[in-house]
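There are 2 protein chains.
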Amino acid sequence: MNNPRHNMRDIYPATGTEITAKSWLTEAPLRMLMNNLHPDVAEKPHELVVYGGIGRAARTWEDFDLICDSLRKLEADQTLLVQSGKPVGVFRTHTDAPRVLIANSNLVPHWANWDHFNELDKKGLAMYGQMTAGSWIYIGAQGIVQGTYETFAEAGRQHYDGDLRGKWILTGGLGGMGGAQPLAAVMAGACCLAVECDESRADFRIRTRYCDEKTHSLDEALAMIARWTTAGEAKSVALIGNAAEIFPEILRRMQASEDLPNGRPDIVTDQTSAHDPYHGYLPKGWSVAQWRATQESDPAKVSTAARASMREHVAAMVGFWNAGVPTLDYGNNIRQVAQEEGLENAFAFPGFVPAYIRPLFCRGVGPFRWAALSGDPEDIYKTDARMKELFPENEHLHRWLDMARERIDFQGLPARIMWIGLGERHKAGLAINEMVRNGELKAPVVIGRDHLDSGSVASPNRETEAMKDGSDAVSDWPLLNALLNTASGATWVSLHHGGGVGMGFSQHAGMVICCDGTEEADRRIERVLWNDPATGVMRHADAGYEIAQDCAVEHGLDLPGILK
Amino acid sequence: MNNPRHNMRDIYPATGTEITAKSWLTEAPLRMLMNNLHPDVAEKPHELVVYGGIGRAARTWEDFDLICDSLRKLEADQTLLVQSGKPVGVFRTHTDAPRVLIANSNLVPHWANWDHFNELDKKGLAMYGQMTAGSWIYIGAQGIVQGTYETFAEAGRQHYDGDLRGKWILTGGLGGMGGAQPLAAVMAGACCLAVECDESRADFRIRTRYCDEKTHSLDEALAMIARWTTAGEAKSVALIGNAAEIFPEILRRMQASEDLPNGRPDIVTDQTSAHDPYHGYLPKGWSVAQWRATQESDPAKVSTAARASMREHVAAMVGFWNAGVPTLDYGNNIRQVAQEEGLENAFAFPGFVPAYIRPLFCRGVGPFRWAALSGDPEDIYKTDARMKELFPENEHLHRWLDMARERIDFQGLPARIMWIGLGERHKAGLAINEMVRNGELKAPVVIGRDHLDSGSVASPNRETEAMKDGSDAVSDWPLLNALLNTASGATWVSLHHGGGVGMGFSQHAGMVICCDGTEEADRRIERVLWNDPATGVMRHADAGYEIAQDCAVEHGLDLPGILK
Ligand SMILES: NC(=O)c1ccc[n+]([C@@H]2O[C@H](COP(=O)([O-])OP(=O)(O)OC[C@H]3O[C@@H](n4cnc5c(N)ncnc54)[C@H](O)[C@@H]3O)[C@@H](O)[C@H]2O)c1
Ligand SMILES: NC(=O)c1ccc[n+]([C@@H]2O[C@H](COP(=O)([O-])OP(=O)(O)OC[C@H]3O[C@@H](n4cnc5c(N)ncnc54)[C@H](O)[C@@H]3O)[C@@H](O)[C@H]2O)c1
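These protein sequences, in sequence, are chains L and B.
The opening residue of the first sequence carries number 1 in UniProt numbering; numbering runs sequentially from there.
The opening residue of the second sequence carries number 1 in UniProt numbering; numbering runs sequentially from there.
Rather than coming from a laboratory, the hints here were simulated on the basis of the structure.
As the structure is a computational prediction, the values presented were derived from the model and not from experiment.
Errors might be hidden in some of the hints.
Stated by the list, open to error - No farther apart than 27 Å at their CA atoms in a straight line, the calculated lysine-lysine pairs in the DSSO-like style are these:
no.	chain 1	residue 1	chain 2	residue 2
1	B	K123	L	K564
2	B	K123	L	K468
3	L	K22	B	K564
4	L	K468	L	K235
5	B	K22	L	K564
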């Protein structure tokens with residue numbers, strides 16, 4: 001039998017200026033859908049899986065073909081509806097309306113769990129859209145590098161006057177996501193010592209230039225860090241070892257005032273896979289080989305030992321925190337495990353969103369991104385240059401753009417991500433649209449963002465953890481965000497459930513707008529790229545964050561029930 | 001201290017042609033918000049409660065004032081966002097976009113329960129919007145009369161060739177909702193015998209002409225029914241008694257072939273408040289006085305006795321069903337209780353939605369309604385007449401319009417409800433807009449609907465119970481409905497959670513469009529009032545209902561993944 005979710009086709013988006021849809025506004029979603037399944041972009045393209053476990057771009061291959069077909073036929077005043085990856089209807093709207101409206105994986109709350117989802121999925125009635133998988137604006141690894149970079153940079157702003165030169169970050173884990181840390185740290189201007197137990201993971205990061213050096217010796221690693229920080233060089237080293245041993249040892253040296261670069265690490269975090277004690281965390285004193293073998297023979301033993309080690313690991317992190325070192329949880333649930341293991345003050349240090357990302361969200365700053373539909377890297381390089389002109393004062397942004405160009409390979413259609421906020425996004429959009437109009441760029445560009453953004457997500461265990469007013473679980477906000485982006489004329493708009501943290505735990509919205517160079521696009525861009533981040537400022541102002549309230553006043557937002 | 005949710009102000013919408021907002025598109029939501037709080041419309045207007053327990057129109061009185069203020073100032077290209085009854089932002093959109101976007105009571109699923117809602121509500125962070133309360137299109141009792149009428153009429157179509165003349169309906173309960181039954185039955189052409197234990201409830205229905213006669217004697221009641229059915233007259237009688245005794249007795253007479261009109265009731269249902277065994281259902285053999293007293297002194301005793309009686313009540317209903325009498329549950333949970341009490345075949349007969357409403361939903365038929373912003377009843381009478389002209393063949397509709405005019409008093413702004421479907425709604429809307437343009441009507445009219453409609457609700461215990469493909473809990477559909485109505489240019493659009501069945505159990509969308517007589521309104525009306533019911537046909541076609549698939553084909557809907 002044919003598996004509706006598996007075939008061997010390779011999907012590549014069209015590039016260049018010839019289009020098979022009736023306009024760029026429909027060619028854009030067509031290319032971006034295909035780009036999500038590009039062999040260099042998607043994790044399991046033949047299974048339609050883009051990223052994040054089972055985050056798909058379409059429900060089945062038949063649905064993929066039908067979506068493409070519908071997009072090619074879609075008129076300038078029609079809108080295609082996509083329901084959990086299946087194209088269900090084409091309706092007449094108008095030219096200022098979105099061309100595609102998407103709802104993925106949404107379930108009535110009482111049934112919003114993995115069991116019910118899986119039941120529906122088995123019947124062919126569901127698809128998990130993650131965030132940018134089912135909404136056709138995933139751009140590969142650049143996103144996680146940039147997110148980590150922004151987190152480190154914001155920590156730098158909060159604790160070190162925005163200057164991480166000569167500072168060093170201690171972390172653990174160089175896996176799929178964690179491997180972005182050394183590169184992100186260096187981009188942010190800091191040195192990085194990353195403890196990784198599996199040498200092959202470290203080697204991979206050395207090979208792809210995400211990490212600079214490798215060593216098996218703590219002393220040698222610290223010597224490198226000392227040399228680089230003194231010279232003001234931003235470089236990274238992977239230390240092959242166990243974080244549960246290395247973290248406490250560095251803490252001991254710090255407390256004993258033994259020789260340590262800067263006398264202490266300047267930022268401490270961790271991205272071992274502590275959320276999974278069976279497969280994700282090497283227990284102290286174990287070899288990697290022994291760990292893998294015991295995962296098969298006696299998983300419970302692994303888990304017990306791993307959890308005990310995590311407690312020691314977190315205890316060291318709390319030690320750093322108590323000594324005044326900025327320390328953060330990076331969403332791997334390690335504090336929770338340590339607390340369950342009896343470490344009472346495991347939650348002494350904060351999660352990364354409330355600590356570092358929320359102040360950005362308060363100003364509407366988040367993962368703005370764009371992709372060149374031409375397929376030509378030059379189009380992105382030109383926009384890079386234009387962005388630097390447009391924001392001449394923003395050194396942080398310049399650094400990111402330079403380093404990104406230098407160190408991050410494009411995957412699929414050339415794309416760029418940069419975190420900017422209210423008042424900046426629409427300017428960037430208008431500038432790009434102008435470049436399309438002028439012919440400076442070979443073809444139109446799409447602008448979108450992650451759903452992990454200022455006004456577009458309710459996710460009480462991550463993006464909306466510990467909101468000031470306790471409104472973590474209120475999901476009116478992402479729904480209003482999607483409705484407003486629809487009313488403002490985004491090219492496609494999506495509403496998802498369960499992204500990032502799984503079924504039951506989040507609701508979030510996406511939007512993408514196509515810069516086709518027209519003046520109508522100017523007007524839409526101005527509305528959408530203003531309103532979208534403004535909903536984030538509004539949501540945070542309502543929750544009582546002063547940064548957001550100030551930002552709203554500064555930008556003249558009209559928030560009747562909030563700014564009274 | 002001032003209670004933010006209570007004051008003694010009486011709210012009346014403006015009437016006539018002078019407006020205080022900048023256009024009819026913003027005057028319309030202003031008047032309809034106020035109409036929801038009109039003393040004749042709202043259940044507890046001073047507490048902002050419109051209907052359905054705590055379904056509110058605004059979060060606080062301050063928010064009410066701020067919403068009014070914002071609507072009065074709103075420009076033709078601006079959109080107001082309302083978050084759980086609080087006006088949170090005004091944004092620039094465009095003239096074809098909705099003027100108001102509303103999200104009420106939405107919670108991330110894992111937290112979507114009454115406990116968490118109440119916690120937020122206490123903090124001033126939440127509001128329960130029910131369906132039409134928080135979305136400003138409630139029109140009083142006419143809605144439940146019409147819904148019940150449609151249910152009976154559809155039963156008539158399915159079982160009696162659409163002709164209920166000479167037929168009689170046996171039911172129980174003449175309370176807040178159930179009291180609509182005798183009137184709805186008569187409007188549908190049938191006689192009705194309604195068993196009600198509390199004489200004061202029956203008297204109220206006699207007084208307001210919802211019910212024609214009253215008696216304490218079963219024999220007398222049956223004699224009336226016999227007389228009316230023979231004469232082909234549609235009339236109703238309230239029998240003061242206990243349904244748990246009367247239903248089994250009528251079943252006995254039927255089985256014993258004793259004298260009974262038509263030899264049997266033609267339809268059997270029930271609207272006692274069986275969902276609440278402590279307060280809602282009189283146990284067999286008890287007096288009403290004894291019941292009320294024991295509710296205070298020994299509630300558990302009431303519940304035990306009531307539940308046992310419900311079992312006998314349902315057993316009788318199953319008896320009718322097994323004898324071929326169309327029998328339906330009207331959403332009071334009585335089957336569930338009977339089953340828990342050991343009646344194994346309690347679910348032998350179906351709920352009202354899968355049995356009678358779903359076939360209507362499959363054709364996009366649902367609770368279409370309009371209100372005259374002029375405040376003048378003549379405006380509604382003129383539209384009544386126009387609707388009869390427009391749908392000359394639809395006798396059912398003519399009967400409803402005539403009876404409604406005759407027997408239902410307007411509450412607040414004069415309004416009319418009629419169930420019509422895809423292909424009819426936009427025609428009705430265009431005709432009304434034409435009448436506004438011509439000056440036939442004194443002022444503009446708004447057209448909206450309940451959220452309990454074809455394409456706008458996911459509610460697995462009610463509207464989407466027992467969907468053919470098992471997709472009861474998939475809520476992508478109402479979200480797409482709201483997005484599409486926004487993209488099509490409805491005047492206001494809303495997304496709610498928890499209406500009808502409470503927190504965690506439903507997600508649903510509303511829309512209202514203003515007929516201001518302009519040609520732009522024509523275009524919006526044509527799109528919105530076509531697309532809105534079409535999403536319902538689409539949703540049911542996807543679930544495998546042939547009626548919906550045929551309807552889609554007949555109307556030329558383009559449903560790529562569904563009609564392949
Ligand atoms: N936004 C977020 O919340 C967010 C973002 C990124 C990652 N994360 C979390 O971060 C964690 C890492 O993600 P990933 O995708 O990189 O996982 P991964 O499993 O690919 O990588 C984890 C790495 O940690 C190493 N490791 C395990 N135990 C170790 C130990 N004791 N000492 C040193 N190294 C050890 C493993 O060898 C592996 O290379 C996960 O828990 C993930 O959920 C969260
Ligand atoms: N769409 C829906 O699902 C829907 C719509 C309307 C009503 N309902 C359900 O129908 C029920 C009735 O609603 P309501 O608002 O009219 O409630 P209500 O409490 O106002 O009225 C119930 C009536 O039943 C009478 N009664 C109680 N026990 C009786 C008995 N043994 N014999 C005869 N009469 C008895 C009471 O005196 C009362 O007048 C509720 O359970 C409600 O949830 C559901």
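Hint check results:
With a C-alpha separation of about 18 Å, the suggested pairing of K123 (chain B) with K564 (chain L) holds against the 27 Å cut-off. Among the hinted pairs, K123 (chain B) with K468 (chain L) is consistent with the structure: their alpha-carbon atoms are about 12 Å apart, no more than 27 Å. Restraint check for K22 (chain L) and K564 (chain B): the C-alpha separation of about 22 Å stays at or below 27 Å, so the hint holds. Among the hinted pairs, K468 (chain L) with K235 (chain L) is inconsistent with the structure: their alpha-carbon atoms are about 37 Å apart, more than 27 Å.
This hinted pair checks out: K22 (chain B) and K564 (chain L) have alpha carbons roughly 22 Å apart, not beyond 27 Å.
Consistency with the previously given hints fails for number 4 only.
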